[in-house]
Amino acid sequence: MTAKTATTLNDDTKAVTSYRTPRKGARILLEALVHEGVDTIFGYPGGAVLPIYDELARMPDQFRHILARHEQGAVHMAEGYAKATARVGVVLVTSGPGATNAVTGIANAFMDSTPLVVITGQVPRKMIGTDAFQEVDTVGITRPCTKYNYLVREVSELAEIVHEAFHLAGSGRPGPVVIDIPKDVTAELASLDSMGKSVRLPGYQPNKRATTEQVERAIQRILEAERPILYVGGGVIHANAADELLRLAEALEIPVTPTLMGLGCFPSGHPLSLGMLGMHGTYWANMAISEADLIIAIGVRFDDRVTGALDKFAPHAEIIHVDIDESSLSKNVRAHLPIRGDAKSVMHQMLTSLKGGYSPPLSVSSGVESAETNTKAVTRYCTPRRQWWQQIDEWKEFAPLSYENSNEVIKPQFLCQELHRLTNGEAIIATDVGQHQMWLAQFYGFKGPRQSITSGGLGAMGFGFPAALGAQLAFPDRQVIAFVGDGGFQMTAQELSTAVQYQTNTKIIVMNNNYLGMVRQWQEIFYEGTYSAVGMDGAPDFVKLAQAYGAIGLRASKPQELTQVLKEGLSMNGVVVMDIVVSAEENVYPMIPPGAGLKEIVLR
Amino acid sequence: MRHTLSILVENRFGELARIVGLFSARGYNIESLTVAETLEPEISRVTLVTTGDDRTIDQIVKQLNKQIRVLSVTDLSAQDHVEREMVLVHVNAAGETRQSVLNLVEIFRAKVIGVSQTTLTIEATGERSKVDALLRLLCAFGIQEMVRAGTVAIARPPVEVNHQTPVRELVDAKG
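From first to last, the protein sequence lines are chains R and V. Mapping to my numbering: the first sequence position 214 is 214, numbers consecutive. Mapping to my numbering: the second sequence position 65 is 65, numbers consecutive.
Hints are not guaranteed to be accurate.
When the alpha-carbon atoms are kept at most 20 Å apart in a straight line, the in silico EDC-like pairs for lysine to aspartate or glutamate are as follows [claimed, not checked]:
#, chain 1, residue 1, chain 2, residue 2
1, R, K331, V, E42
2, R, K567, R, E600
3, R, K567, R, E585
4, V, K62, R, D137
Facing chain V, a subset of chain R residues (Cβ under 10 Å, in silico) [claimed, not checked]:
#, residue
5, V139
6, Y150
7, S328
8, Q387
9, A399
10, K544
11, A548
12, Y549
13, I552
14, R555
15, K558
For the record, the hints were derived by calculation from the structure and aren't laboratory data. Beta carbons are placed, not taken as given, at the ideal position from N, Cα and C, and that holds for glycine.
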């Protein structure tokens, strides 16, 4: 068709005509991504994805491709991006080692319900099953750690699969979806009838609402309860339901304890906030859930790090459990009132039902106080649950979060508090797993949702820095910090190269105790202090490492230097690594020993 | 307790692996498994026998329902249903023992589907206990080879008591 005839067609016809023009599978894939609103791809090229990368180079206006330095980093970046933005993160890697390197990231996203679409190259169809160069059974390997996965067998199904994959990744309980595409499929020419518009998934009903009866029963039980508690998690954040939670908690004046994945879904300085519960949660949150007569669990999964020994968990409580995933209901702890539904819509239904027949007490100030001044709200004592609040305050006074500060060495807890003070609790912070993660959870005080990005379920070291980088690439102007240990940082430190290449402002705070700290703590407490393979001697000089990558390196080893280094590092342009040398053998407390009940909490 | 689950799943590449993988990954037991197309070729029926306490079975059903391509999961053990197994056996039957084997075949309403100088090949269907009993008795003669299929099961259709309906039709409806 000549250009002249094309201009005479109306827009609709033009679109159809352009779809019908044969183009390569790779082009169809990228157009399908544009159709889903994708503009950022984290990836790493290789043989099986050459046709895709070739087309990608021709579409610079549509896509920003971020070249990671390892496929694991690419997936963690996409997860940080997705967690910060509530969009689906997109990854593109090659077959074989590209896919296997991505598996840790995919498993992490699966455990923490992060929406990702991971596109993996595959050897040409004819070579599948021949142990070809860089061939692995990607669909087989990723089956148990994806929400769903596809092997594209015909180019004609590609556009539809991409559309379905985005629908699956982002709806219901979100999760990663892998699309494995043989190289010859991306090179083959095909025309399209249209871009994917509808999905045909008769067995998938992601959006369930609570019934009116369930909502009314829940409200009635909440109003009757003497010692209720809201136990809330990542599901509230995925559902973008922080506002509903705040209104519900305030209307009913119920204490709120978030899980690690729920940090920020309720403002940590709020008078109703008890702080995190679980293995390293606050004493009063753990006591409150143990003594509660009603637990309203929303978007949580009763993980073992939260419940401790199941037979000792919340013996007096009736449990209302709201979750979008039916299989989470009564999985670990039997729910008396299981409600399958999205956290936002169910809380909205509850609030609507409340408006009908219940006037909330007017006593709680909705103002958010800072973490340090989170003391008892005197006004609470006007409510019928006066005794419950009195009890919680007594627990809080008995065992507040505390540590012994020092003039000699930087205490990690002090570092977290300083970080809170200097960023006003408003930074996006990504962590690895371990001591630093727990101290940050205890002492940072996240103000809002999507600020805390952490590896919760899988507990993957090396997650924090690339995840922070992904969040930073989504929000170039926000303060984004990777808060990592010296062990975890060394697992993905090569992404410094990526951070520098794309001229980000990512800040990396290395809480350096020269140990694999949490493992060391367990060896100290549970293995008679036999330290086995936990010393990180031989670690690089992180300041010089940063400089070698063209980033800025700063160090603080004395408490007197800390504030200055943090201030300077956080305010500088560019990538800054702050090596913060902290007291080496500090332990995280409180601590519930594994297998113990929550009330067997060890304070010191 | 033993539960027979009837699962309808979209008949697509890899879906059976997903179901089986779910059982192995979560440590659930598969006692028997039968898969075949339904009258609609794009849908398969998986009949799966598993064991577990009520909570485990509840989790298994929920995990199966969570599978994207699974259309329905029915715990047949919770309702009136019929189960059948099938077995094929080469059993020693030379000389005077042959008549004894044939007697058993008749008692169990089994079928002889093959014969050699020294053996009979027997096909039997029935409830698991019947198949077990037949095999126990045949063991006495010496079983050369035995192939047993997984359980198939079907819910009994609800029989509506309608005095207008002639008994003959009710019987026909039940097959």
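Do the hints match the structure? See the list:
1. K331(R) x E42(V): violated (32 Å)
2. K567(R) x E600(R): Violated, at roughly 40 Å.
3. K567(R) x E585(R): The given pair, whose Cα atoms are some 26 Å apart, is violated under the 20 Å limit.
4. K62(V) x D137(R): violated (27 Å)
5. V139: holds (7 Å)
6. Y150: With Cβ-Cβ at 9 Å, under 10 Å, it holds.
7. S328: Holds: closest Cβ of chain V sits about 9 Å from S328(R), inside 10 Å.
8. Q387: violated (35 Å)
9. A399: violated (35 Å)
10. K544: violated (44 Å)
11. A548: violated (42 Å)
12. Y549: Status violated, d = 40 Å.
13. I552: Since the shortest Cβ distance to chain V is 45 Å, the answer is violated.
14. R555: violated (45 Å)
15. K558: violated (50 Å)
Checked against the numbered hints given earlier, this structure breaks hints 1, 2, 3, 4, 8, 9, 10, 11, 12, 13, 14, 15; the rest are met.
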